[in-house]
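For the record, the sequence lines run as chains Z and D. Under the numbering used here, think of the first position of the first sequence as 1, with each following residue one higher. Under the numbering used here, think of the first position of the second sequence as 1, with each following residue one higher.
Worth flagging that the hints you see were computed from the coordinates, not collected in a lab. Check before you lean on any hint, since a few could be wrong.
[To be verified] Heads up, simulated BS3-like pairs for lysine-lysine below, C-alpha to C-alpha not over 30 Å straight-line:
#, chain 1, residue 1, chain 2, residue 2
1, Z, K60, D, K43
2, Z, K40, Z, K154
3, Z, K119, D, K30
4, Z, K44, D, K30
5, D, K43, Z, K120
6, D, K30, Z, K154
7, D, K43, Z, K36
8, D, K7, Z, K119
9, Z, K44, D, K43
10, Z, K154, Z, K50
11, Z, K50, Z, K119
12, Z, K60, Z, K6
13, Z, K6, D, K43
14, Z, K40, Z, K67
15, Z, K6, Z, K44
16, D, K7, Z, K154
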Amino acid sequence: MQVFFKSIERQAFRMALFACSNQDDALDLVQDAMCKFVAKYTNKPEEEWKALFYKILQNKIRDFYRKESVRSRWRVWLGGRSEDDDAEPLEQLADPAGRTPERETDNRQMFDHLQQELKKLSLKQQQVFLLRAWEGLSVSETALAMSCSEGTVKTHYFRATEKLREKLGEHWL
Amino acid sequence: MNDDNDKFTENVRSVLNQSLADLDTDTEFKLGRLKYRALDSAKQKKKGKFVWGAVPAAVVLSLVLLFNLPQNQQIHVASPDVFVLSILTAEEPLDFFAEDIEFYEWLSEVMEDESELSGQHTAVPDIPVSDNPLSTGNRQTGNRQRIIAQSGADRVSWSIRG
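With the rest of the complex left out, here is chain Z (with noise of 0.2 Å):
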């Protein structure tokens, strides 16, 4: 179990914090998603627990967007709508906070960009997004870590890429 968590607590904390841009928030998450793992899922099969994981780990990042929804819900009603069909709120949600490079090595600047670009995307498109393409799940796995078909996950992985694709420039290619 330590080993697992040794080996995902980067990505995780990473994930978090592109969703919701707060350090001490994503630590929040993390923890709470570790804390709930243990305590419900150490004894399925090693092979699940990366898909398991990443699902309560979505679960608590929705949680954490219902509550900011609240705290902030004339901001998210009165907020422009992007091209994305899917209705709810939660999905159409950009990060508010959008930070500028700090840093000035080639690297950072790429992450920096790539950054950026991820919290324009719609929460869902984002994780989707990283679990497929950072974290190497599949379309099966990803569904059971965002809690929506099959089909959605390749919607929502199809439109991400072409966003960031769209936005980052030819260099990327």
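Fit chain D to the supplied structure of chain Z, relying on the hints for placement.
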């Protein structure tokens, strides 16, 4: 298109992996700490479950003992081993029962037979005084035999008891 997608995804993955190395030590430390906290919380929950599980188990066990123990005691009381008790409570030393018990049993039986025979002699009806002028002497003879048999039995009993 697929090749472009693969290359694009590979680049994104590479940049994201490099970003992990850029995590500051404070964040790394906090991540390590919350990981151990999560693992500790699981251990504490297990301990709590054990304690809360032990309470009803103890109650059930005490109830079972409470209702079953008297019955068991009654069973023991109903079937005492009289022979063992008689040995343990006897005045004779335990060596007596371990060594020559058969000889003393035989001797005791012989003496009992002798005493019974002596009793039969005495059981012979005495001749009436009026019919026999020596009746007083016969009665005295029967009493003497009875006393002798009794003293013999006492001697054997004394020798048995040491």
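Going through the hints against the structure:
1. Simply put, K60 of chain Z and K43 of chain D have alpha-carbon atoms about 22 Å apart, close enough for the 30 Å limit, and the pair holds.
2. Restraint check for K40 of chain Z and K154 of chain Z: the C-alpha separation of about 28 Å stays at or below 30 Å, so the hint holds.
3. For the hint pairing K119 of chain Z with K30 of chain D, the CA-to-CA distance comes to about 24 Å; that is within 30 Å, so the pair holds.
4. For the suggested pair K44 of chain Z and K30 of chain D, the alpha carbons sit about 27 Å apart, so the restraint of at most 30 Å is met.
5. Straight-line distance between C-alpha atoms of K43 of chain D and K120 of chain Z comes to about 40 Å, which puts the hinted pair past the 30 Å bound.
6. The hinted pair formed by K30 of chain D and K154 of chain Z fails the criterion: a straight-line CA distance of about 35 Å is larger than 30 Å.
7. Our distance criterion of 30 Å between C-alpha atoms is met by K43 of chain D and K36 of chain Z, whose separation comes to about 13 Å.
8. Between K7 of chain D and K119 of chain Z the alpha-carbon distance is near 21 Å, which keeps this suggested pair within the 30 Å criterion.
9. Simply put, K44 of chain Z and K43 of chain D have alpha-carbon atoms about 17 Å apart, close enough for the 30 Å limit, and the pair holds.
10. At most 30 Å may separate the alpha-carbon atoms for a hinted pair to count; K154 of chain Z and K50 of chain Z meet this at roughly 19 Å.
11. Taking the CA atoms of K50 of chain Z and K119 of chain Z, the gap is about 23 Å. The hint holds against a cut of 30 Å.
12. At most 30 Å may separate the alpha-carbon atoms for a hinted pair to count; K60 of chain Z and K6 of chain Z meet this at roughly 20 Å.
13. For a cut-off of 30 Å, the pair hint linking K6 of chain Z to K43 of chain D stands: about 18 Å separates their Cα positions.
14. Annotation: proposed proximity of K40 of chain Z to K67 of chain Z holds, straight-line Cα distance about 24 Å (limit 30 Å).
15. Restraint check for K6 of chain Z and K44 of chain Z: the C-alpha separation of about 18 Å stays at or below 30 Å, so the hint holds.
16. This hinted pair checks out: K7 of chain D and K154 of chain Z have alpha carbons roughly 19 Å apart, not beyond 30 Å.
When each numbered hint is compared with the structure, violations occur for hints 5, 6.
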